[in-house]
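Trainee: If you read the protein sequences in the order shown, they are chains G and B. Heads up: the first sequence begins at 1 in full-length UniProt numbering, then just goes up one per residue. Heads up: the second sequence begins at 1 in full-length UniProt numbering, then just goes up one per residue.
Be aware that a few hints might be false.
Since the list gives no way to pick one copy over another, a pair counts as held whenever it fits inside one copy or between any two copies.
[Said to hold, decoys possible] List of simulated lysine to aspartate or glutamate pairs, EDC-like, C-alpha gap at most 20 Å:
1) Lys80 with Asp65
2) Lys42 with Asp75
3) Lys64 with Glu36
4) Lys30 with Glu99
5) Lys42 with Asp17
6) Lys30 with Asp52
7) Lys30 with Glu45
8) Lys80 with Glu99
9) Lys64 with Asp16
10) Lys80 with Glu98
11) Lys30 with Asp75
12) Lys64 with Asp84
13) Lys42 with Asp65
14) Lys64 with Asp14
15) Lys42 with Asp56
None of these hints come from the bench; they were simulated from the model.
2 protein chains.
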Amino acid sequence: MLVHTVYFWLTNPDSDDDRQALRAGLETLKSITHFEALYIGKPAETRRPVIDHSYDWSLTYIFKDLAAHDAYQEDPIHVKFVEDCARYWNRVQIYDAEE
Amino acid sequence: MLVHTVYFWLTNPDSDDDRQALRAGLETLKSITHFEALYIGKPAETRRPVIDHSYDWSLTYIFKDLAAHDAYQEDPIHVKFVEDCARYWNRVQIYDAEE
Numbered sequence: 001m002l003v004h005t006v007y008f009w010l011t012n013p014d015s016d017d018d019r020q021a022l023r024a025g026l027e028t029l030k031s032i033t034h035f036e037a038l039y040i041g042k043p044a045e046t047r048r049p050v051i052d053h054s055y056d057w058s059l060t061y062i063f064k065d066l067a068a069h070d071a072y073q074e075d076p077i078h079v080k081f082v083e084d085c086a087r088y089w090n091r092v093q094i095y096d097a098e099e
Numbered sequence: 001m002l003v004h005t006v007y008f009w010l011t012n013p014d015s016d017d018d019r020q021a022l023r024a025g026l027e028t029l030k031s032i033t034h035f036e037a038l039y040i041g042k043p044a045e046t047r048r049p050v051i052d053h054s055y056d057w058s059l060t061y062i063f064k065d066l067a068a069h070d071a072y073q074e075d076p077i078h079v080k081f082v083e084d085c086a087r088y089w090n091r092v093q094i095y096d097a098e099e
């Protein structure tokens, strides 16, 4: 399995419109079928010095393997999401972990 | 769902013994039953500027809810893991994301 995790920081964190627009964009990714599971999240209420809760939205994908991840990156739905929504974030942080 | 993700950086990344000892410790966590899924990983071969591949091991838990996460934190197997293995890492970074 490959766990592909993406954290997004909004350009305008005070704009609820931008926040919801990015969330709506993330939801469109659920129609892609290359993954085993997909979790869209926001920071939980846990607070410890080692926890980064500064991001606005997160995506956690479980892919069968790297090939499935690569196919997802090129999927038209994913490409359109980036085109439409990249203006909403000013930072993304990605981690790809392979079992 | 709550996605609890932990990235570990080894104190001695050149020590294969330490690397495998931490991995073995992570494996003991699989006997805890509070989670829906658990993925133990290492950096995949993906390389882009937005990807952090500097960590040594990762854990991604899927918990049903925050209560299940809280029970996990107090589970004796988890407590023992931290006691036995904390010496192997010099940095952990945690993200908790709630759907």
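Trainee: Which of the numbered hints above does this structure break?
Mentor: Hint check: 1, 2, 6, 7, 8, 9, 10, 12 and 14 fail, others pass.
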